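We have chain Y; now place chain R with the ligands onto it with these hints.
Listed here are the chains, written in short residue letters.
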Amino acid sequence: MSEHNANQPALEITGLYKNFGALKVTQDINLTLQPGVRHALIGPNGAGKTTLVNQITGVLKPDAGTIRLFGTDITNATPEKRVALGVVRTFQIISLFLRLTVAENIGLAIAAAQSLDAKPWGSLRDDDRVVDAVRALLERLDLLGVAERKVRELGYGQRRLVEIALALALKPKVLLLDEPAAGVSSHDLGMLLEILNRLPSDIAVLVIEHDMSLVFRFAERITVLVGGALLVEGSVDEVRADQRVRDVYLGRRAYV
Amino acid sequence: MATLSTARAVAPSIRNAFAAHRINAIDVGIWMVAIGAYFVVPTYLSLGTTVLIMILFTLSLDLAVGYGGIDTLGQGAFYGVGGYAAAFWALNVTSEPISGLVAGALVAALLGIVTGPIILRTRGLTLIMITLAITSMLEEFAVTAKSITGGDDGLTGYHIDPIFGMFHFDIYFRTAYFYALAVLAVAFVVARIVVNSPFGLTIRGIRENPVRMRLLGVPIRNRLIGLFTLSGAMAGVAGALTAQVTGLIGVDTLTFLVSGNALISLILGGFGRLYGAFLGAALFYIFSDRAAAINPFHWYLGLGVLLILAVRFMPNGLIGLGEQFQLFRERKQGRGLDRGAS
Ligand SMILES: Nc1ncnc2c1ncn2[C@@H]1O[C@H](COP(=O)(O)OP(=O)(O)OP(=O)(O)O)[C@@H](O)[C@H]1O
Ligand SMILES: [Mg+2]
Chain Y
1 MSEHNANQPA LEITGLYKNF GALKVTQDIN LTLQPGVRHA LIGPNGAGKT
51 TLVNQITGVL KPDAGTIRLF GTDITNATPE KRVALGVVRT FQIISLFLRL
101 TVAENIGLAI AAAQSLDAKP WGSLRDDDRV VDAVRALLER LDLLGVAERK
151 VRELGYGQRR LVEIALALAL KPKVLLLDEP AAGVSSHDLG MLLEILNRLP
201 SDIAVLVIEH DMSLVFRFAE RITVLVGGAL LVEGSVDEVR ADQRVRDVYL
251 GRRAYV
Chain R
1 MATLSTARAV APSIRNAFAA HRINAIDVGI WMVAIGAYFV VPTYLSLGTT
51 VLIMILFTLS LDLAVGYGGI DTLGQGAFYG VGGYAAAFWA LNVTSEPISG
101 LVAGALVAAL LGIVTGPIIL RTRGLTLIMI TLAITSMLEE FAVTAKSITG
151 GDDGLTGYHI DPIFGMFHFD IYFRTAYFYA LAVLAVAFVV ARIVVNSPFG
201 LTIRGIRENP VRMRLLGVPI RNRLIGLFTL SGAMAGVAGA LTAQVTGLIG
251 VDTLTFLVSG NALISLILGG FGRLYGAFLG AALFYIFSDR AAAINPFHWY
301 LGLGVLLILA VRFMPNGLIG LGEQFQLFRE RKQGRGLDRG AS
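Order-wise, the sequence lines are chains Y and R. When you line the first sequence up against our numbering, it's residues 1 to 256, in that order. When you line the second sequence up against our numbering, it's residues 1 to 342, in that order.
Because the hints were derived from the structure by calculation, they are not lab data. Some clues are possibly wrong.
Claimed, not checked - From the structure, some residues in chain Y lie toward chain R, with a derived Cβ separation under 10 Å: (1) Y17; (2) L60; (3) K61; (4) T75; (5) P79; (6) S95; (7) T101; (8) L108; (9) L116; (10) R135; (11) L144; (12) A169; (13) I203; (14) E220; (15) V232.
What the hints assert, rightly or not - So, partial list: chain Y residues that the calculated Cβ filter (under 8 Å) puts toward chain R: (16) L23; (17) L100; (18) E104; (19) S123.
Stated by the list, open to error - Distance windows between CB atoms, simulated: (20) R:M137 - Y:E80: 31 to 41 Å; (21) Y:Q92 - R:P117: 51 to 61 Å; (22) Y:D247 - R:P117: 31 to 41 Å; (23) R:S99 - Y:R129: 40 to 50 Å; (24) Y:K81 - R:Y38: 49 to 59 Å; (25) Y:R129 - R:I26: 51 to 61 Å; (26) R:I193 - Y:E139: 53 to 63 Å; (27) Y:E194 - R:V211: 42 to 52 Å; (28) Y:E153 - R:G29: 40 to 50 Å; (29) Y:Q114 - R:I193: 17 to 27 Å; (30) R:A145 - Y:D63: 32 to 42 Å; (31) Y:A136 - R:I193: 42 to 52 Å; (32) Y:K81 - R:A185: 19 to 29 Å.
Predicted model only: the values in this text are computed from it and were never measured. Heads up, the beta-carbon is just placed ideally off N, CA and C, and yes, glycines get one too.
Just chain Y, with the same shape it has in the complex (with noise of 0.2 Å):
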């Protein structure tokens, strides 16, 4: 819809608050994310990392502060309308369509994308594109051997595969990653890994992880919120280093 400026930031916040009652989980905080990135966003438990998603996709609203999506304003847009620019999130808890197969799961996010939901008539097994989309996606993510299955026959790892897929039928151009990694086996974590970096390279990626093995080999830049407010933002090789985040988050792992 807008305008697409290669100079602009896919994403920009600035000057984000947000408090609920007494508590303040956002804290003035500034963030870029450049088209393609491959961006983290770590902080203890509570530190507002969901908050700070449910603010940019329109779930919450801020306090203060913008939110720009290439350069337009998107602060006042409702969820539905962000979506349908290209700001699109998977959930913490895992969202989907249990008792249908995981083809439905993704063919109901094409259809709704491409405004196909309203049609009383025909079937989606019969539209040839919106099975080669369906097709591509889950070969992308590996899960074309399970297409037939319904999603509560899933594994946990599956099903976090299918919450990605869903994900990337909305056409994302910024792609928020809630926990990816929560309640993956760590049998099906490499697996995990590799499907995160085969996502589309134009997509600007944040990803929220608490295990760190996977956020050094995803990210590029990293991101650290403590009670609401940034303490640290930058490279890997940075962030590692930094006494900061040694002390408050990072200091009891004995492999950083």
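Chain R with the ligands alone, transformed into the frame defined by chain Y:
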């Protein structure tokens, strides 16, 4: 096992992963039984016609409850309103039957469009209470508005012309039976097209996870109102059929019992499968009829036992039982859920 799953991974069928009702053995069986009954038990066509109409009504309820997750207990309102509309039409406009069905469908659809935005704002117990309340209000209206509805006596004394000017309604319900069967067939085709469509998939998505559906950018209230209206129109046609073939429509069509019976039929047959309505309503109404004939006073006891057995041994209804059997056979043949291979 491993080879099988690899084979499936090489040639995955995205198309087949989208649920669709296709013509199968159950189809052929059901329609053959329905047509065959006409010749085999010609003396029971009155009961047969009732069963067909109630299948249509139960089918309409399955669209709302089974597919859309709209837990309504007020489906009887559409049935009653459709019946009154058809009787009113025959008395005051024309005795031509097809236009009477259309009148029943339209008035019921109007009720759906008007009440849907209120009802579908709610869920669960609140929704159940509101749908019950609306049914009661309509019943009250039918009793008091004597000039339109005939009050406690209902509407009667109207004549229905031959269908297409050719097929006369007879006292043995021969014409009525095929009339109801034809209307049911048309409604079934419509229901099937709708549930297979992108709209139908969207509806199932809303049933599964409305919050996520909204975040996909779908206006879920509008979609539900659309479904509710269609389901209501179909129930209205069932009511109109009843009014036309029995020559009488009364306040009893606007009671909770009508909705309750259809719900029991769906529990027996299975929700969200279209065929559940066929098997469930047939079982329920034939059983009720026989049980009432054998023991007019205590037959509800028999019904209770039937229900308890159904809930205990087939939580997904008769259709679900069939599916479980199918799955069991597939597992035995080694193409079950090979989760470890992926
Ligand atoms: N709707 C709300 N109302 C009041 N307080 C809230 C609300 N949502 C979150 N909080 C509080 O805000 C703080 C930040 O929560 P948030 O979910 O953003 O943390 P997080 O960084 O995502 O944590 P985690 O790593 O556990 O997911 C927490 O103390 C939480 O209890
Ligand atoms: Mg969180």
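Item checked: Non-conforming hints, listed in increasing numerical order -> Structure breaks hints 1, 2, 3, 4, 13, 14, 15, 16, 21, 22, 25, 26, 27, 28, 30, 31, 32.
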